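Count along the sequence shown from 1, then add 395; that gives the number in the numbering used here.
It is possible that part of the hints are untrue.
To be verified - Between beta-carbon pairs, the in silico distance windows are: (1) ALA427 x ARG455: 36 to 42 Å; (2) ASP437 x GLY676: 41 to 47 Å; (3) LEU607 x THR460: 25 to 31 Å; (4) HIS656 x THR442: 24 to 30 Å.
By construction, these hints were calculated from the structure, which means they are not laboratory data. Since we're looking at a predicted model, the values are computed, not measured. Ideal placement from N, C-alpha and C gives every residue a C-beta, glycine not left out.
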Amino acid sequence: MGGGPDSWLAARLDYAAPVALGGCRRGPRSFACCEYNVTVFDGHGPTEELEDGGRIAIIRHDSATDPSSGTFAHLAGLRVISDPEWALAPRISAAAEARGRVFAHAAKSALVDAEMMAIRARASLSSGSREAPFWLKCAAYSLAGALSYHAMAEPSPAHMMAAFRAMPGPAPGDALQAVGECLGLERATPSLVSRMARSAAGFARMAGAGPLAVAAMEAKAAHLASESLLADCHYYVGHAACAALRARRAYAHGIPDAEFHALRVALDPEGNAQRLERHAGLVEAATAGLAARVGWAAPRAGRDS
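Turn these sequences into a full structure, and let the hints guide you.
Quick look at the structure:
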């Protein structure tokens, strides 16, 4: 790798399997505080963390033939760090050549997820569950991911709002408007995003995130807030909290009180039931509109009205 920007990774990572860099660090959009998202293609294993001179790397293990994400969109933009047997580069090239199909499939997968989260939110609303706003937030973030894939870009939460603002023309199916309203981005203030970031970090620790991953999240939230990118910070912190929530998988008896209260601050949820119903309808309509554009018919979410 010589003296390139990834040379420190090549020097520190000692794996026989192929290693590649993904995320914002492979392009020009990253902040100085952004972590390096590294994938080692040696199968599946626990996430690792590495720090070097203030730089943080989050190392995930995956399979090039059966990625855990269920799509190959991640492969299409990877930059190889190490590929001693030339096993990874051909797969990256193949994914890049089929970029249109790869990203269309990723958009469909994200839309399916948005629909499922909206259905879960509807069910929670019907049962009076206090968790309904959380699942609706998850649905909105999945819709945002689908919108990003539809625009042929891999989602990058800390930079997502900037990417959306740079999109030419209106967002398909009013999806971006639905995302913004459901997430409550217009409520972002310095004090609110500061509270959200602290609680998101606390919840991430409860969910088992490593200390360096939490430190990177806090640093990015602080950077966005310091640049007065408050909606961007709100979006990013909420996304991090939803990702941690979903990493916890199913809760047999609901979300425990300590975690629930951390999430309630981290996600800045809507508390009005009528507005939650409206937001669920917005997500469903936007999901259906975007699904029509990518050639997937989203199922109705089981509504009578």
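Status of each hint after checking the structure:
Range check, ALA427 to ARG455: Cβ separation about 22 Å, and the 36 to 42 Å hint is violated. Between ASP437 and GLY676 the Cβ separation comes to about 45 Å, which falls inside the hinted range of 41 to 47 Å. Hint check: LEU607 to THR460, Cβ distance near 29 Å, so the stated range 25 to 31 Å holds. The beta-carbon spacing between HIS656 and THR442, approximately 26 Å, falls within the hinted interval of 24 to 30 Å.
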